[in-house]
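Q: Using this note's numbering, you'd call the opening residue of the sequence shown number 1 and step up by one each time.
No lab work stands behind these hints, which were simulated from the structure alone.
Warning: the hint list may mix true and false statements.
Each pair of labels, with its calculated beta carbon distance range [to be verified]: (1) Leu21 <-> Ser73: 35 to 43 Å; (2) Glu71 <-> Phe38: 15 to 23 Å; (3) Phe33 <-> Phe13: 15 to 23 Å; (4) Asp79 <-> Gln14: 29 to 37 Å.
Heads up, simulated DSBU-like pairs for lysine-lysine below, C-alpha to C-alpha not over 30 Å straight-line [what the hints assert, rightly or not]: (5) Lys112 <-> Lys66; (6) Lys66 <-> Lys123; (7) Lys95 <-> Lys66.
Positions of the beta carbon are idealized from the N, C-alpha and C atoms, including for glycine.
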Amino acid sequence: MPLRFDQFQQREFQDCTSVGLDEHEVVDLMQEFHLFGFWRIDLDTGLFYATPDVFRIFGLTATDGKMSLVEFSSRIHPDDLPMLMESFERTCQLKQSYHNIYQALGEDDHYKYVRTVGRFREKPGTSGEIIGITYEFFERLRTVAFSDGLQD
1 MPLRFDQFQQ REFQDCTSVG LDEHEVVDLM QEFHLFGFWR IDLDTGLFYA TPDVFRIFGL
61 TATDGKMSLV EFSSRIHPDD LPMLMESFER TCQLKQSYHN IYQALGEDDH YKYVRTVGRF
121 REKPGTSGEI IGITYEFFER LRTVAFSDGL QD
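Using the sequences and the hints given, assemble the complete structure.
A: Below, the structure is given as structure tokens:
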């Protein structure tokens, strides 16, 4: 499948407080919808830090937040890994944002589609870092689900 670089549209910031929500509530709502994790890569050290949902998405056991880039890479479909690595490289060189949809090996050792949105972030005195979110990407289905709010 050919690789396509689209122009990434920067959209207007949506201030959740304008409708009476706070940032914590927004994140909580997003996490109710599906696995949705946050991460950053320190470009000087190569260390990859991730929230527990990122580990779950890639079928890995959550640790202290540090994720091995080698282990992470082993969970990406071999056909998609070059695209992801090229995105990281272009993001660092051009200090830009990107998004990818690719296949990742989940907990059940089956590939599933995930989406990653990342961007370069300046970090004074360093080469910077890439920060982002990753979430499960799936077809839109007509679905209704309810929760009683109780945590397992």
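Q: Please go over all the hints and tell whether each is borne out by the structure.
A: Results of checking the hints against the structure:
| no. | hint | in the structure |
| --- | --- | --- |
| 1 | Leu21 <-> Ser73: 35 to 43 Å | holds, 36 Å |
| 2 | Glu71 <-> Phe38: 15 to 23 Å | holds, 18 Å |
| 3 | Phe33 <-> Phe13: 15 to 23 Å | holds, 20 Å |
| 4 | Asp79 <-> Gln14: 29 to 37 Å | holds, 34 Å |
| 5 | Lys112 <-> Lys66 | holds, 23 Å |
| 6 | Lys66 <-> Lys123 | holds, 19 Å |
| 7 | Lys95 <-> Lys66 | holds, 23 Å |
Violated hints for the displayed structure: none, as all numbered hints are satisfied.
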